[in-house]
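Peer 1: What follows is each chain in one-letter form.
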Amino acid sequence: MHFEWLKILKKQKKHLLLHRISKLHTMQYDTLLISNVKELYIFPFEKILFISADGNYSYIHCVNDETITVVAQLGDIHEQIYNRARNYKHLVRIGRSLIINMSYLVGIDLQKGYLALMNDYKIINIKASVESLKKLKAELEQIYG
Amino acid sequence: MDKKYDINDDDVVFIEGKQKKWYKNPINWIIAGIIVVIVVVGTLFPIVLHNQTDSSLPLSTTDSVYRINYSDPFADVDTNINALYIHDDTIDFIPVRFYYPVNANVELRIGEQTPDSSTMLIIEAAGIRADNNDIVGAFVLNGELQSHGMSKNGYCAIIDNDIFIGCEAATAYMEMSIDKNGYFFRQYPLIHNGRMVETRRREKAQRRSLCFYKGKYVVIETLSRESMINFMLMLQDIGVKEAIYLIGANTWGWYTKDGQITEFGVKDSIANEKINYIAWKYK
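Top line first, the protein sequences correspond to chains A and B.
Using the working numbering, count along the first sequence one by one with no gaps and you end on 145.
Using the working numbering, count along the second sequence one by one with no gaps and you end on 428.
Derived from the structure by calculation, the hints contain no laboratory data.
Beta carbons are placed, not taken as given, at the ideal position from N, Cα and C, and that holds for glycine.
Possibly wrong hints are sitting among the right ones.
Said to hold, decoys possible - Just so you have them, the derived chain B footprint on chain A, three or more residues with Cβ under 8 Å: (1) 79-88; (2) 133-143.
Unchecked claim - Derived CB-CB ranges, DEER-like: (3) A:Ala138 to B:Ile192: 28 to 38 Å; (4) B:Ala177 to A:Ser35: 34 to 44 Å; (5) B:Asp151 to A:Thr69: 14 to 24 Å; (6) A:Gln12 to B:Ile176: 33 to 43 Å; (7) B:Asp151 to A:Lys127: 19 to 29 Å; (8) A:Lys11 to B:Val182: 33 to 43 Å; (9) A:Ala138 to B:Pro191: 56 to 66 Å; (10) B:Asn170 to A:Asn125: 40 to 50 Å; (11) B:Asn170 to A:Asn36: 26 to 36 Å; (12) B:Asp151 to A:Lys122: 24 to 34 Å; (13) A:Met118 to B:Ala177: 40 to 50 Å; (14) B:Asp151 to A:Val37: 33 to 43 Å; (15) A:Lys14 to B:Pro191: 41 to 51 Å.
All chains should be modelled from the sequences, with the hints used to inform the complete structure.
Peer 2: Right, dumping it as structure tokens:
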């Protein structure tokens with residue numbers, strides 16, 4: 001009798017584990033995972049406003065106005081986004097030190113060398129090279145016809 | 146880090162992720178497999194089915210050959226003499242018999258017949274209605290209209306000893322047969338302008354038809370029970386230009402060859418007075 005219950009319990013645990021694995025399997029897409037010795041961050045792509053970088057550090061600006069500093073080069077983050085992007089394909093690398101979420105882009109100012117993102121009716125101006133902004137403008141004009 | 150992620154300050158890269166190759170998805174392989182199986186089964190099934198049906202034929206002979214370019218068995222027949230030529234063959238795996246009456250007088254007859262050697266070949270022609278025992282469709286006997294109506298598009302007219310068969314809802318041959326003391330009856334059309342006519346009849350029976358084949362009128366019958374479709378396909382394959390149905394199955398008739406009468410089919414014990422025949426007579 002005892003054994004029977006144990007068997008059922010084991011079966012249920014196995015089922016639960018499989019469920020979690022399958023959930024994790026779907027979670028691995030469209031999310032950015034930053035992990036080091038001390039901490040681990042999971043950022044769903046749609047929650048990222050933009051990512052700026054300074055050397056070995058990257059600053060992940062989230063839609064809730066929070067900025068998280070992580071020890072990771074932007075190239076590594078770019079690589080991870082490339083590998084994990086499945087359905088959400090709105091992130092754009094601009095120059096060496098910026099990744100923006102196109103869902104929040106509202107304008108480009110070539111004269112001042114700014115692009116503007118809007119989050120919760122708040123405009124955020126981000127500086128980028130004029131050449132890259134020109135290219136972005138051309139691409140967007142082509143996309144929107 | 147891969148070099149492709151180390152870009153210049155002026156570059157813009159839309160990070161669209163890896164494009165998953167279709168062959169890396171097992172579901173796509175399953176779908177492709179199912180499609181292949183459907184195509185293979187769809188191609189092979191009719192062939193297998195056809196072969197199975199053929200093996201059940203009671204009278205199939207060993208020389209069964211599928212022939213599209215069928216050569217006329219009566220090509221060398223002397224048309225000056227008054228005779229009946231009979232040729233047995235197997236076409237499209239169907240055992241068939243050809244009757245070719247040469248230089249004969251042709252007519253329609255109504256009522257009970259007794260075998261006589263002056264008749265070269267006699268076969269039941271138009272159908273009889275089950276409800277009132279009347280002839281189906283228009284029927285002209287020696288210039289007199291015996292029955293009227295149009296239920297079948299195929300027709301056979303005999304005017305001045307010439308046979309005309311075709312497929313038309315309204316044909317002037319009927320009036321001509323009345324004017325010229327000829328004969329006329331209606332039957333199912335089988336082949337029109339070298340192409341088989343649509344049919345809904347699916348049952349199997351011994352089939353018989355009056356055909357215009359290579360410039361002559363012949364009667365072709367199957368010696369086994371066949372579906373109408375198979376019979377029509379066979380007629381089309383050998384190059385019949387026009388064909389109408391004659392009552393087949395086990396209907397009674399006879400032919401006289403070299404003075405000897407051979408009866409076929411089963412004679413009804415109760416004769417219908419409207420039972421009608423197409424008959425070729427020796428001159």
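Peer 1: Hint by hint, say whether it matches the structure.
Peer 2: Hint check results:
1. 79-88: With 7 residues close enough to chain B, the hint holds.
2. 133-143: Coverage by chain B holds for the stretch 133-143 of chain A (3 residues, Cβ < 8 Å).
3. A:Ala138 to B:Ile192: 28 to 38 Å: violated, 60 Å
4. B:Ala177 to A:Ser35: 34 to 44 Å: holds, 39 Å
5. B:Asp151 to A:Thr69: 14 to 24 Å: holds, 21 Å
6. A:Gln12 to B:Ile176: 33 to 43 Å: holds, 34 Å
7. B:Asp151 to A:Lys127: 19 to 29 Å: Taking Cβ atoms as reference, Asp151 (chain B) and Lys127 (chain A) lie about 21 Å apart, which means the hint holds.
8. A:Lys11 to B:Val182: 33 to 43 Å: Hint holds: Cβ distance 36 Å, inside 33 to 43 Å.
9. A:Ala138 to B:Pro191: 56 to 66 Å: Given about 59 Å between the Cβ atoms, the range holds.
10. B:Asn170 to A:Asn125: 40 to 50 Å: holds, 43 Å
11. B:Asn170 to A:Asn36: 26 to 36 Å: holds, 34 Å
12. B:Asp151 to A:Lys122: 24 to 34 Å: At 32 Å between Cβs, range holds.
13. A:Met118 to B:Ala177: 40 to 50 Å: Because 46 Å falls inside the window, the suggested range holds.
14. B:Asp151 to A:Val37: 33 to 43 Å: violated, 25 Å
15. A:Lys14 to B:Pro191: 41 to 51 Å: holds, 49 Å
Hint compliance for this structure: hints 3, 14 are not met, and every other hint is.
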